[in-house]
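A.B. asks: Residue numbers (this note's numbering), protein chains in the order written: chain Z, 1 to 372; chain E, 373 to 744; chain H, 745 to 1124; chain L, 1125 to 1504.
No lab work stands behind these hints: they were computed from the structure. There could be a bad hint or two in this list.
As the list claims (entries may be wrong) - Covered stretches of chain L (chain H as the covering partner; in silico rule of three or more C-beta atoms under 8 Å from a C-beta of chain H): (1) 1190 to 1197; (2) 1202 to 1208; (3) 1296 to 1305.
Unchecked claim - Computed list of lysine-lysine pairs in DSS-like fashion (alpha-carbon distance at most 25 Å, straight line): (4) H:Lys957 with H:Lys977; (5) E:Lys734 with E:Lys723; (6) H:Lys1037 with H:Lys769; (7) H:Lys1037 with Z:Lys291; (8) L:Lys1257 with Z:Lys80; (9) H:Lys1019 with Z:Lys317; (10) H:Lys1086 with Z:Lys292; (11) Z:Lys80 with E:Lys689; (12) H:Lys1086 with Z:Lys291; (13) L:Lys1451 with E:Lys663; (14) L:Lys1447 with E:Lys695; (15) Z:Lys318 with H:Lys1071; (16) E:Lys689 with L:Lys1329; (17) L:Lys1399 with H:Lys769; (18) H:Lys1037 with Z:Lys323; (19) H:Lys1037 with Z:Lys317.
Glycine residues also receive a C-beta, built at the ideal position from the N, C-alpha and C atoms.
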Amino acid sequence: MEDALGIVAPAGGYIKVEGMQEFRSINAFSFLGRYRLIDFPVSNLSNSGIERVQVYVTSENPRSLAEHVGNGRIYNINSKRGRLEMMFSRESVLSDIYNTDVKAYLDNLPIIERCPQKYVIITPGYMVFKQNFDQLLKAHIDSGADISLLYHKTSHADTCYRNCYTLELNRQKGFKSMRINTGIEAEKNIFMDTYIMTRELFMELIVKAKKLSSISRLTNIIDAESEELDIRGIQHKGFFAAITDFKAYFDANMHLLDMNIANSLFTDDWPIYTHTTDSCPVRYRPGASVKKTMVANGCVIEGSVENSVIGRGVEIKKGSVVKNCVIMGHSEIGENVRLENVVVDKWAKVKDNNKIVFSEDKPGYIKRMDII
Amino acid sequence: MEDALGIVAPAGGYIKVEGMQEFRSINAFSFLGRYRLIDFPVSNLSNSGIERVQVYVTSENPRSLAEHVGNGRIYNINSKRGRLEMMFSRESVLSDIYNTDVKAYLDNLPIIERCPQKYVIITPGYMVFKQNFDQLLKAHIDSGADISLLYHKTSHADTCYRNCYTLELNRQKGFKSMRINTGIEAEKNIFMDTYIMTRELFMELIVKAKKLSSISRLTNIIDAESEELDIRGIQHKGFFAAITDFKAYFDANMHLLDMNIANSLFTDDWPIYTHTTDSCPVRYRPGASVKKTMVANGCVIEGSVENSVIGRGVEIKKGSVVKNCVIMGHSEIGENVRLENVVVDKWAKVKDNNKIVFSEDKPGYIKRMDII
Amino acid sequence: MAKNNMLAMVLAGGRGSRLLDLTNKVAKPAVAFGGKYKIIDFPLSNCANSGIDIVGVLTQYESVLLNSYAAASRIWGLDSKDSGVFVLPPREKADSGLNVYRGTADAISQNIDFIDSYDPEYLLILSGDHIYKMNYEEMLRYHIENKADATIGVIEVPIKEASRFGIMNTSDNDRIVEFEEKPAKPKNNLASMGIYIFNWKLLRKLLVADIKKKDSNHDFGKDIIPVMLADNKMLYAYRFKGYWKDVGTIDSLWEANMDLLDEASELDLADPRWKIYTEDATELPQYIGENAKVSNAYITQGVNVEGTVENAVLFTNSCVEEKAVVKDTVLMTGAIVEEGAKVTRALVADGVRIGKGAVVGKAGSDSILLVAHDVKGKGE
Amino acid sequence: MAKNNMLAMVLAGGRGSRLLDLTNKVAKPAVAFGGKYKIIDFPLSNCANSGIDIVGVLTQYESVLLNSYAAASRIWGLDSKDSGVFVLPPREKADSGLNVYRGTADAISQNIDFIDSYDPEYLLILSGDHIYKMNYEEMLRYHIENKADATIGVIEVPIKEASRFGIMNTSDNDRIVEFEEKPAKPKNNLASMGIYIFNWKLLRKLLVADIKKKDSNHDFGKDIIPVMLADNKMLYAYRFKGYWKDVGTIDSLWEANMDLLDEASELDLADPRWKIYTEDATELPQYIGENAKVSNAYITQGVNVEGTVENAVLFTNSCVEEKAVVKDTVLMTGAIVEEGAKVTRALVADGVRIGKGAVVGKAGSDSILLVAHDVKGKGE
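Let the hints inform the model, and build the full structure from the sequences given.
C.D. replies: Okay, here's the thing in structure tokens:
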């Protein structure tokens, strides 16, 4: 592996997942029953042989994230030769627009400066995809570019990838421009918020960005410097989800209930690591009926479940029907409940005989620890 | 071991260690060359068989503390049956007086509530002593008291233990009152900020404290409730230092250069655990002269050192004289330097031929990463 | 060790030959159980939960998988500073060649140096192949309160079955007066669980004496305990209440798995206060497919069900394809039941493939069918 | 394994009998070195720093301390998910009894099942008793670039000493054409370091064939390499530059320790980019007392010096009392030199006490004195 520092970027202030985000930062979101979003970028880095990783924390309460990632042992990061660090920054109290990624990096500049690695690989904590960064870095070095940007070509930019940036490239994959996705055109290159460059150039750019404006982000300075630098796009293939709003979160879970899609993201040679909670297997009681559903360990199921994602330690009692739902860990669904197109956050409790039905287009949300 | 939750309390806003505290919270202070202050309370708890520990974090940048304590493995805390958690709280931006221990506990009340333990043992992160909490808890239970407070009897309250509370007790060791040490009398019981009570009562008290006043601390509510409750003192014997100001920090290091005192604090049956950095042994070059000094691994010494504490990876070059100093990790003392009664913080660099001499009463301080 | 001064030694050398093909490549303690566990997870998790820091695991037979597994102390949180699970196979010494362990006591005797290096006050001896949840710290408290020289874990068995066990005959207060191995006419119903707490200093003396005895079996039950009783030492029986099972045969292993479907069973693996820890599989959550029928089952992570599952326990990465039917059966790790196959009253071993349309086992059979080799599908 | 697809096996079965009393209770790889290290820390730290996740340690002789030590994977950071140090002593199998390893190749052959369970592309074979710092990932890169079947680590030795080593005769580009064990008339100066990278699939075939050969020594140097050369396989020599020492004797062990006082030595244990990891002692920092004189010394944590130390290496918890003089000497772990005693040109073994006023060793002696037993003080 070439010598690179892995940086898991903080989510920008413009990304808002209504509801869920009140309780934790996006990268700590539970995903597909047993994962958290952070597991994807860190597993990608570790599998690529990158073992010095900085995770930038923006949430006011990083307790659960800190406990989840620990010192990186769960990601097979060697704690002696490698290092996984949580990077904190003083949040601006004036306004959220000042809390940019550039500010977070600047707050920790002396540490970035002290790292011995030649390159940085910056990848977000709020996107789900599989990527071998070792290959990507080699491609970057071979190309001779100053900066390489990873993008995903889509024909759904009109309905998906809100709040993402789109990338305009020339025929040589050279950078032309970067704009927030307008949703007008369907065919677009979605920027995956993933950058490769030298650590030297990275430090230079964040200092420049700050000078440009107090609220400029890394994307802004890339755009501003595009004339001076050789910036190129590299295309990503395979599953890609950007959790930039609530609907995107819901959809990403639902899409992966197609096992053909799931099996392309989770392959034997590319483990996606996560924290174990030592839950016991799932108990299906007589009378249970389950179809097209992923169930994490520790659940007790007596009702009917269809086309859903069930987190760890969830209880679904008899007579209940759960359809097109994401039920997060340790929630309890009482008897004869009907849930459709709902995301139930952790430790919530839905009482007997309750009926909560939303449409697929606008799924509902039940708050963490709520009792309804 | 009886069933208890260990709480390492945050330092009160009234405790100020000039200089050093700008760079980290008190409990992350380097101590005696290779320890951090947090090592003492957590080792005490772990050795007592208490393996569910909450460390309250008040600093804005808990990165180094988080990395140091990790998940408690270094303290021999079993990560499956036990748990060491960093507890964060939203700091009040209005004024530091609102950032009380009570506020920190209230911010995390749902988690404290969910803990299954019957008792809490609250002990500070800014005092150095050895204590078997298992014995203490048994004594507490046997006594039938509602709350037990640990205190240290001293005849130096006039010169030491500034900012500490003193405890007035009746003949039965019953609580009479608690006041900030005035420094007028020499003979006093110094409260060691260590409490034992049921978790139930603890939660009750912090809720009451908040009602009493927005700025009241746990000590205030104890004082206010002393008529209603059976509160007793338990005397601690052995080495005790309270790092409540800069001089106290300096003195505590110096006192432990007497090996009789050090050997009473560090005993084979009561390991004080800390994080290893895998430094190599110390290299004493020809010409070095060292006396009455503790030296952590990784140093290279060519000069003269006397009555000092030398942290990890420090370099002291030839011709230099270091006397009555605390040199923290990775600092570099150039050639022909003279240092007396100085605390040199981490990664600092004292250039050749410099002379920095302070008096024993008012030791000097050289900032972290400073070059002078 | 600062915590309770007790070191545990787990006897995990058993081959378990009555488990037939299941123990061809792994020792009995490494046999899988309950979807995601291995049998040795039980004593090791019990140790971790009981505040024991140092555990020696005495292995012998075909131990490469067991050795690697048990040495991964992190699984049970026993990887913190001053903790550890140490695998102790027989070894060559300065004064002796490479010898197998001659008996339970000999296994400890050959590791006196290991135990001494921790200088424990108490030694806990456990068996590596029983399924149960037990707090050894409470047993130690009982041992200390009785000022006992040794304490032996016992379980009450029906008196008519007592002649299958080692029986402790006790006086008042459960002090042990006699030990009888499989007595023809049992006088008591307290069966030894093979769990002992000894004061190490005393046991050490007895072991050193026992090594030299030519006629000794070097066994705790047959040699050490009788010597202690003859010597009028204070031995107490510690009564254990709860689920305890020695899964020595295919039938009993199948039964123990099926017990997990019994709501009344005392073995509660879901209890958050006493978890059983095991190696975490890096796998997706279990997936129950579009046409699947799952009822009364115990299924773990990484499993894929497209067919029908009824009254069954499915281990990690096992798979039931479309139109296949799995009933009254245990599918061990990675076992695959292909399209349209039918498995009844069977225990399907690790990685075994039941081919398309094959029919295996039958309802109402006397004993459980062990399927240890691939079964060809129809027309294969 | 995702990282470089190479698994390492460390041969750590050596008794090291030329180290005399030092290896009475521990195998050579567990012998202490350089104040705080054990010899085996070097290959294991090299593995960790080279991005190798899975390391098998083949032990045999008196391995309880070595087994427990090496199994504590956390020391080298090899305790993360999917990583581990696995101790592999000889074991009893379904089809064979308990046998010692008959040679270096046999030790690997007996653990083919272990290696197969990780399915590596490359196998790295190391010796557990050499002191050196080496990046095996660079060696692997060299192996891959050469499209080699095997790559052997070599070090240039003075040609007149070459007859003490296994010598690789090479053609251009360092391709190996011949291997000579201790040749009387060496043709080359490239000595084998006992470090091999093999393509596992090929090696596996060769080992399976070798097991059956009756006249084989089951040794890499004597059997496997010659077979590969005869078969015209692509074998390359990988030249290592830097410090490398086989500490086979008391004199060479003492020397290697003293090398740490040599500013010109290439063995830099302080380099933060390639640390050697070892068990952390829960001890105070070293304390140099009021009347101590310490000059030209290498001293670690937990040491207490009240007397005079000159040109010496002091291991963890060793102690030099008042008026004692320690010169040109290595004090191993916990060695104590009492008041007024004098130790010169010696290597004092673990825990040995030199009594008050005793005089041990002398300046200018031909060889280094090993002090393996307590020395009585004057008048004791």
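A.B. asks: If you draw a straight line from the CA of Lys80 (chain Z) to the CA of Lys689 (chain E), is it 25 Å or shorter?
C.D. replies: Judged against 25 Å, a Cα distance of about 29 Å means the pair is violated.
A.B. asks: Is the listed coverage of the stretch 1190 to 1197 of chain L by chain H valid when you require three or more residues with a beta carbon under 8 Å from a beta carbon of that chain?
C.D. replies: It holds: at least three residues are needed, and the stretch 1190 to 1197 of chain L offers 5 whose Cβ sits within less than 8 Å of chain H.
A.B. asks: When you check the alpha-carbon spacing of Lys1086 (chain H) and Lys291 (chain Z), does it fall within 25 Å?
C.D. replies: Answer holds: Lys1086 (chain H) to Lys291 (chain Z) is near 20 Å, not above 25 Å.
A.B. asks: Please work out if Lys1086 (chain H) and Lys292 (chain Z) have their alpha carbons no farther apart than 25 Å.
C.D. replies: Holds, because 22 Å separates the two Cα atoms, which is no more than 25 Å.
A.B. asks: Keeping to a limit of 25 Å between CA atoms, is the pair of Lys1019 (chain H) and Lys317 (chain Z) held or broken?
C.D. replies: holds, 23 Å
A.B. asks: Are the Cα positions of Lys318 (chain Z) and Lys1071 (chain H) separated by 25 Å at most?
C.D. replies: Measuring from Cα to Cα gives roughly 22 Å; hence the hint holds.
A.B. asks: Is Lys957 (chain H) close enough to Lys977 (chain H), meaning Cα to Cα at most 25 Å?
C.D. replies: holds, 20 Å
A.B. asks: Examine the stretch 1296 to 1305 of chain L for residues whose CB is less than 8 Å from any CB of chain H, and state whether their number is three or more.
C.D. replies: Coverage by chain H is violated for the stretch 1296 to 1305 of chain L (0 residues, Cβ < 8 Å).
A.B. asks: Would the hint linking Lys1037 (chain H) and Lys323 (chain Z) be met if the CA-CA limit is 25 Å?
C.D. replies: Distance ~16 Å between Lys1037 (chain H) and Lys323 (chain Z) Cα, so the pair holds.
A.B. asks: Given the hint that Lys1037 (chain H) pairs with Lys291 (chain Z), test it: the Cα-Cα distance must not exceed 25 Å.
C.D. replies: holds, 8 Å
A.B. asks: Does the alpha-carbon distance linking Lys1447 (chain L) and Lys695 (chain E) stay inside the 25 Å limit?
C.D. replies: Status holds; Cα separation ~23 Å.
A.B. asks: Run the distance test for Lys1037 (chain H) versus Lys317 (chain Z): straight-line Cα separation, threshold 25 Å.
C.D. replies: The given pair, whose Cα atoms are some 17 Å apart, holds under the 25 Å limit.
Checked against the numbered hints given earlier, this structure breaks hints 3, 6, 11, 16 and 17; the rest are met.
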